[in-house]
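Those sequence lines, one after another, are chains D and L.
Quick note: the first sequence uses this note's numbering, first residue 15, plus one each step.
Quick note: the second sequence uses this note's numbering, first residue 245, plus one each step.
Source of the hints: derived by calculation from the structure; they are not laboratory data.
All of these numbers come straight from a predicted model, not from anything done at the bench.
Derived coverage of chain L by chain D (criterion: at least 3 residues anywhere in the stretch with Cβ under 8 Å from a Cβ of chain D; other residues may be distant):
1) 298-308
2) 347-354
Cut-off 30 Å, straight-line C-alpha distance, at most; resulting in silico cross-link-like pairs (DSSO-like, lysine-lysine):
3) L:K387 / L:K357
4) D:K24 / D:K54
5) L:K387 / D:K33
6) L:K376 / L:K387
7) D:K54 / D:K16
8) L:K376 / L:K357
9) D:K33 / D:K54
10) L:K357 / D:K33
11) L:K387 / D:K54
12) D:K24 / L:K387
Beta carbons: idealized from backbone N, C-alpha and C, even for Gly.
Spelled out, the chains give:
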Amino acid sequence: MKARITITLKPGVLDPQGKAIEGALHALGFGSAGNVRQGKYIEVEVAESDPARARAEVERMCEELLANTIIENYAYELEAA
Amino acid sequence: MNASVIVFPGSNCDRDAAVALEAAMGRPPAMVWHGDAELPNSDLIVLPGGFSYGDYLRSGAMAAHSPVMREVIRRARGGTPVLGICNGFQVLTETRLLPGVLMRNSTLRFVCKDVHLRVERNDTRFTRRYDKGDVVTFPIAHKDGSYFADEETLARLEGEGRIAFRYCNLGGELTAEANPNGSRNHIAGIYNETGTVLGLMPHPERLADPALGGTDGAKMFAGLVESLAA
Chain D
15 MKARITITLK
25 PGVLDPQGKA
35 IEGALHALGF
45 GSAGNVRQGK
55 YIEVEVAESD
65 PARARAEVER
75 MCEELLANTI
85 IENYAYELEA
95 A
Chain L
245 MNASVIVFPG
255 SNCDRDAAVA
265 LEAAMGRPPA
275 MVWHGDAELP
285 NSDLIVLPGG
295 FSYGDYLRSG
305 AMAAHSPVMR
315 EVIRRARGGT
325 PVLGICNGFQ
335 VLTETRLLPG
345 VLMRNSTLRF
355 VCKDVHLRVE
365 RNDTRFTRRY
375 DKGDVVTFPI
385 AHKDGSYFAD
395 EETLARLEGE
405 GRIAFRYCNL
415 GGELTAEANP
425 NGSRNHIAGI
435 YNETGTVLGL
445 MPHPERLADP
455 ALGGTDGAKM
465 FAGLVESLAA
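Here chain D stands alone, though its shape is the one from the complex (with noise of 0.2 Å):
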C-alpha cells in the first residue's frame, strides 16, 4: 500500500520559514495570505496489503523517524500501490 504522509508543526511552536514565505507572499501582492506554516510531505510504499497492519507500520514510523513529536504533528492517508 502507499502511505502519503504529511508532517506539521505543532500549532504554538514558531515557524520562521512560515513567516519567510507570508512576507513573500505578501510582497507579490497576495494580501490575502495570513499564517502561513509549511510543513513535510512523505510518500512512502509499505510492502503490506492488510490496511490495519499497513496503518500500524507507517505510525511506527512517524513515531521513530519521519516525525519528532515534540514539535511535529503526523497524518497520513493509505492507498492501494
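Once you have looked at the hints, place chain L on chain D.
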C-alpha cells in the same frame, strides 16, 4: 583515559575535537565510524559538529539511528559522559538523551561568529575548570540552533539546574541582542538528569588553542580529563 569521537558521514568538526582532546589527554582519541556496531572502551564519547547525512529530514535525525548510536545511548544511560557539540547536540536531542529540539534559527540565517556564554554551573565534569557565572567566548556556526522545548520541559530544566550555558553579552546579561538564534531562555547548552550528558551548540574545540585566537574552550577538555583520568 580513553575517549572516542563518533564520525558520521558529513561530520566536519571531528578532527578539531580530536586535536582538542589530544592536547588535553596527551594521546589521541579513537575515531569511530558511525556504521560500526562496536565502540571501544571509552571514558568519554564525543559527538562532533557538522552536517551528518546532509541534515536530511531534520538535523541529527538520521545520525541518531546510526548503528553505533545504539551503543552510545546504552553507554550514556549507564553513566558514560557524552559531549555533543553543535550537530552532536542535535543528534542527542533526536535520540531523546536530551529533551527539546534545535529548530531553524529565528533569523533564518546561518550564523558563524564568536558569542559570549554564561557558565551556569561549575559542579559537573564538563565545567569544573570554570567559575559559576564566568562569561566565556566560544564560536557558533549553525542554522538550526534555536533551542525549543515546551513550557513544562523548560520549567523542569530550570528547576533542576540543567542549563549548562546561556547566550549573554560581555557583562553576562541575557539581552535580546545576545541571543543569536532565538533560543528559549537563551539556552546554548543543557545537561541530562545526571549531568553526565552535555549538548551545546557553541564549539569549545574551536577556541581551545592560542593559535586559534582563544583558549576558553580548552578548559572544558582539561576539566574532563582531570576528572576522568583520576
